[in-house]
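Trainee: Read off the chains here:
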Amino acid sequence: MGSGDLILQYLLSGITKGSIYAIVAIGFNLIFSATGVLNFAQGEFVMLGGMIAVTLSFYVPLPVAITGAVILVALIGCLLEVLFFRRLRRHSIMHMVIITIGLSIVIQEIALHLWDEKVRSLPYFTGKEISSVAVFGATISPQVLWVLGTVAVVFVLLHAFLRYSLQGRAMRACSSNPEAAMLSGINIANLRTLSFGLSAGIGALAGCVISPITMTQYEMGGPLAIKGFAAAILGGLGNPMGAVAGGLLVGVLEAFSVSKLPAAYNDVTAFAVLLLVLFVRPQGLFGSPTGDGVREF
Amino acid sequence: MKLRRFIVVLLLLAAMVGVQIFLRATGQEFCLTQLTMALYYALVVIGLGLVMGYAGQVSLGHGGFFAIGGYTTAVLTTRDFSPFKDTAWVGLLKAAHVFVAKEDLFGAQVMVVTPWAAFLAAMALTAVVAVLIGYPALRLKGHYLAMATLGFGLIVYKILLGSTVTGAADGITSVPEWSLFGVLTVSGKTALRVQNYYIACGLVLAVLLLLQNLVHSRVGRALLAIHDRETAANAMGINTASYKLRAFVLSAILAAAAGVFFTHYTGGIGPSEASALKSVRYVALAAAGGMANLWGVAVISTLINYLSLRDWFGSYDNAVFGTMLIVIISIAPEGPLKPLGMAVRRVFFRLRPSGGKPHGAA
Amino acid sequence: MALLEVENVRRSFGGLVAVDKASFTVAEGQIKALIGPNGAGKTTLFNMVSGLLSTETGQIRFRDRRINGLRPYQIARAGIARTFQNPSLFLQMSVIENVMVGQHVRTRAGIAACCLRLPRQQREERAIRDAALKQLDFVGLAPLAEASAGSLTFGQRRMVELARALATDPALVLLDEPASGLNNKETGDLGALIQKMRGAGVTVLLVEHDMSLVMDISDDIVVLYQGTPIAQGPPSAIQNDPRVVAVYLGDDQHLS
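Protein chains in written order, with my numbering: chain X, 1 to 297; chain H, 1 to 362; chain F, 1 to 256.
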């Protein structure tokens, strides 16, 4: 294998990781736009999606298990909003963020006690562990194509939803000016619930498609949330394109630093680049300097 | 105002002594070990209370500062500098009592830095790092600042985890005790347990008093003004960027100092001290304690950390921590001590109806 | 001698020019008013003088020293204080503490001195409190000193904000629509207060829509229209200036 192929291999692996970060970042953005809160339990949705799908797959065919997991986690997302955030409107953003941290810890512990600390995984959607496809001379697992395809489809569907559907447009209106949206008769509370549900569902779907590659374990949510957070911030909060770009950038940086630096340092490059970018562009790569992403808590 | 603070200090002192006497009487003095550790962690949270509650900034990187403090002293006081003893700067520092010769575990002659010198070095290093990170980071707002500080903490964590100087995943052990002055020694020896508990108590109380003085001064008002309305504060002549940075550096130094004491007390430090989980926990505790209410922050964080360290909740520790966080912040976002204190005061003033008014008012 | 000189200042937002070719001076001891229809650029001009916005061209000089380009806190230190259109008190503090913040620029105690309550800092703190009380007394709110800022009425907030501005010991105070939201009596008191301020040696530049107040108290008026001054002079002259009448009546023909 030539060095060009090697670079391609790293690039592909980075894009795969990055697309997962991107989907977590998109989840962050959805809730952020509707509520101004960064939901640190976002990674837990990914974990729950994978865990529930693995359990269901013992009883029902894989596609049904995944659908069931996505719906269930989406409902959990709605429930969390109704139980915790709907009644706490007067709390500051900082307090709400801390509540999401608390939720993330609790969900993780519930998962630990419901399941256990064992690593699980869904079967490969197509083919087996050892099957591979050649892409431009690099070999990759077909599951990677599933991941990339899912992220692309989610992105396109979400974009269409936000742009063309009534609910989606209401959501955008709500994020750019909640008061005006409320005055024009939009039910903000329900939109926020919807944003939690959507975001949780998308996270759960991501949790299912990555499960065969990265495995699923109760602790996986935290690190994913941090990377997704980094991706969302890097791209500029509230900007879905930025989330994708940020996610891919973090993933690729991570993949290449693994090739150059000792494994223990693997995240240092990505976070160092993130800090440098923020110090030069305080609103992220594609964020607007006066947008609501940069407001104080 | 001053009378109230005096009463609070008295109450805290009584509680500190009372706990020790109670534990001795019930033969549970071993609990003081975890209590001492919890008090050192509380120092970090108190510093964050200043940054979050007064300057209105958030830092998810304070575990990093705690680790920088702890590791600086751990490395300097355990590493043998004798290979360098013929170089000019070592000779110079040796004359200034920065280095001390001693025997290591195997009886070989080594030369290490004294704890006091290591402490000062840790403070200086922390201040430099805090300025370098804080200067650009504090221009960021809200979630962006949170991410930047989180990123800083993670970088520190990964570097500690990956470097041989810091013992990689094992961290550093057999850090020597630190003789402060005279009989006072920071050490994990059983014989010194009570003494060390009071050292930690004294430190926390002193820091609380100093910070209380600070927040009731022109600096404290400037910080609160920034928190409330940054533009108006700036237009009133407050150099907002500079004050945010100073509060951040001060709290970083507090975290690092806590790390130094903690490391000498427990005799070692590991990379998990810099993990995101720790940093997030500090922020959560500061919020649960009521942020601007530094007394409340100190009490709540000591209590919760103590219960965790004693493994009170067993395998449900994290679950309980998370639940407490959610409950406290949902019900009492200003911290549970404030409503409690108000209730107490209401009872108090009902007994003495004129107590709240100044002389001659009635 | 002019205390403040604004010379050919320009500022735009995106493609929209908010202020252009703005020049005027404020003499020491004057009460000067800046008037004009909504969107004339008055607040933008204020924000440039106080350093919250940067200027694109031109110069702003205070006591012959160029101040555009300085940070807001440096301008406050130089001796220009301001109030805001919406009173922006620090709501977490008491009334007196709000005013004490004004003394920030005139005091020096640092973190160490404050932590340790050094005697010098204690003396300074007492002086800060005295100065703040004096200013509260000046605006007639001394009895409310210990009240929480959030509990005040709108009119009281304006007064506290004024006291806070005065507590910076300014040579020039910028008042951004000080009478808006006040009732007739409060507006009358405000007029008297502004004149009392001038009597105490403070120069005043105000933006105001209440024409009777402006005509009553100002020595000199600048009329701003679409970001540019179109008339300057004493109230009597301004009242009879056909261009000004046109601006306020919306008759564009007189303008050319």
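The hints are simulated quantities; they were obtained by calculation from the structure and are not laboratory data.
Predicted model, so just to flag it, every value in this text is computed and none were measured.
Incorrect hints may appear among the rest.
Straight-line Cα separation of at most 30 Å, BS3-like style, residue types lysine-lysine; simulated pairs [said to hold, decoys possible]:
1) F:134 with H:2
2) H:2 with H:102
3) H:278 with H:338
4) X:118 with H:278
5) X:260 with H:189
6) F:134 with F:196
To give a feel for the contact side, a few chain F residues facing chain H, derived at Cβ under 7 Å [unchecked claim]:
7) 13
8) 111
9) 112
10) 168
Each pair of labels, with its calculated beta carbon distance range [to be verified]:
11) F:236 with H:334: 52 to 58 Å
12) F:181 with H:9: 42 to 48 Å
13) H:209 with X:117: 56 to 62 Å
14) X:127 with H:314: 40 to 46 Å
15) X:219 with H:24: 44 to 50 Å
C-beta atoms are modelled at their ideal positions from N, C-alpha and C, and glycine is treated no differently.
Trainee: Taking the numbered hints from earlier one at a time, note which ones the structure violates and give those numbers from smallest to largest.
Mentor: Result: hints 2, 5, 7, 9, 13, 15 break, sorted rising.
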